[in-house]
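There are 2 protein chains.
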Amino acid sequence: MQDISNPDAAFTLDPRLQADTFPVVDLALCRVLLMNDARWPWLILVPRRVGVVELFDLGADDRHRLADEAARVATMLKSFGSAEKTNVATLGNVVRAFHLHVVARSTGDPGWPGPVWGFGARLPYDEPAAEAILRDLRESLR
Amino acid sequence: MQDISNPDAAFTLDPRLQADTFPVVDLALCRVLLMNDARWPWLILVPRRVGVVELFDLGADDRHRLADEAARVATMLKSFGSAEKTNVATLGNVVRAFHLHVVARSTGDPGWPGPVWGFGARLPYDEPAAEAILRDLRESLR
Numbered sequence: 003m004q005d006i007s008n009p010d011a012a013f014t015l016d017p018r019l020q021a022d023t024f025p026v027v028d029l030a031l032c033r034v035l036l037m038n039d040a041r042w043p044w045l046i047l048v049p050r051r052v053g054v055v056e057l058f059d060l061g062a063d064d065r066h067r068l069a070d071e072a073a074r075v076a077t078m079l080k081s082f083g084s085a086e087k088t089n090v091a092t093l094g095n096v097v098r099a100f101h102l103h104v105v106a107r108s109t110g111d112p113g114w115p116g117p118v119w120g121f122g123a124r125l126p127y128d129e130p131a132a133e134a135i136l137r138d139l140r141e142s143l144r
Numbered sequence: 003m004q005d006i007s008n009p010d011a012a013f014t015l016d017p018r019l020q021a022d023t024f025p026v027v028d029l030a031l032c033r034v035l036l037m038n039d040a041r042w043p044w045l046i047l048v049p050r051r052v053g054v055v056e057l058f059d060l061g062a063d064d065r066h067r068l069a070d071e072a073a074r075v076a077t078m079l080k081s082f083g084s085a086e087k088t089n090v091a092t093l094g095n096v097v098r099a100f101h102l103h104v105v106a107r108s109t110g111d112p113g114w115p116g117p118v119w120g121f122g123a124r125l126p127y128d129e130p131a132a133e134a135i136l137r138d139l140r141e142s143l144r
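Residue numbers (the working numbering), protein chains in the order written: chain A, 3 to 144; chain V, 3 to 144.
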């Protein structure tokens with residue numbers, strides 16, 4: 003039975019996002035996912051809200067929370083791998099369910115200084131590497 | 003003489019951003035620029051603050067204002083050209099001065115569904131087209 007007093011209750015993660023990522027942690031608004039691509043430290047923030055496609059579909063409070071959580075995650079991710087720059091973006095041309103990418107970039111990384119989306123072939127983590135980075139990310143975001 | 007009571011007073015637009023764009027309007031926080039590329043309706047928001055590189059360099063109030071102005075500009079831009087999706091992103095791998103792209107995208111546009119950054123060669127507006135779109139954008143954002 004759906005708990006209609008809780009706006010998160012009806013939230014479900016888009017199956018394509020689920021297939022391409024590992025869950026990291028839930029912040030106040032967003033579920034944080036790790037993209038299964040070892041080429042860059044690449045997180046995705048998904049507001050646990052139903053029917054959000056565009057940035058302007060979020061109410062003002064949620065929009066501000068999203069900006070705060072993106073800033074927090076970008077701060078963490080930049081120091082995490084000593085990155086040079088973070089890229090923060092919502093595209094959604096293919097997967098329409100709203101999601102915000104936070105990617106740590108550095109000179110000489112694959113595709114630098116171009117964008118990561120659509121660049122080359124994904125390089126999945128092996129299992130120990132995924133476990134190690136997920137443990138570190140969860141500690142950093144707790 | 004610099005007016006130190008006004009945090010905007012020392013702001014200057016990055017010369018590369020200036021060279022690639024037309025000024026549209028100043029909102030409360032951001033200068034709005036039109037990218038001189040007729041392939042997509044493409045605006046850039048630049049907070050009139052000094053020394054901002056990353057999203058997390060903005061204080062919380064400015065971060066929330068940026069999110070609000072991005073949502074406002076994306077709403078306008080989506081209806082403006084009947085676009086299918088807006089892309090909102092800050093990369094800054096080349097031009098480090100903080101700037102936020104808001105681009106209106108649709109099925110079949112150049113590069114769809116990939117990102118616009120680094121895609122093909124820019125198509126500058128001719129003068130009448132630039133004047134017409136700038137007039138419409140200024141009316142929509144006033």
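Heads up, some of the hints might be wrong.
Stated by the list, open to error - Now the stretches of chain V that chain A is said to cover, found in silico as 3 or more residues with beta-carbon under 8 angstroms:
no.	stretch
1	14-23
2	75-85
3	107-121
4	131-144
Said to hold, decoys possible - Derived contacts from chain V toward chain A, CB cut-off under 7 angstroms, selection only:
no.	residue
5	N38
6	H66
7	R67
8	A69
Keep in mind the hints are simulated off the structure, nothing from the lab. All residues carry an ideal CB built from backbone N, CA and C; glycine is no exception.
Hints, verified against the model:
1. 14-23: That given contact is violated, which follows from only 0 residues of the stretch 14-23 of chain V lying within Cβ reach (below 8 angstroms) of chain A.
2. 75-85: Coverage by chain A holds for the stretch 75-85 of chain V (3 residues, Cβ < 8 angstroms).
3. 107-121: holds (count 7)
4. 131-144: Violated, because only 0 residues of the stretch 131-144 of chain V bring their Cβ atoms closer than 8 angstroms to Cβ atoms of chain A.
5. N38: 20 angstroms, violated
6. H66: 4 angstroms, holds
7. R67: 9 angstroms, violated
8. A69: 4 angstroms, holds
When held up to the earlier numbered hints, the structure conflicts with 1, 4, 5 and 7 and fits the remainder.
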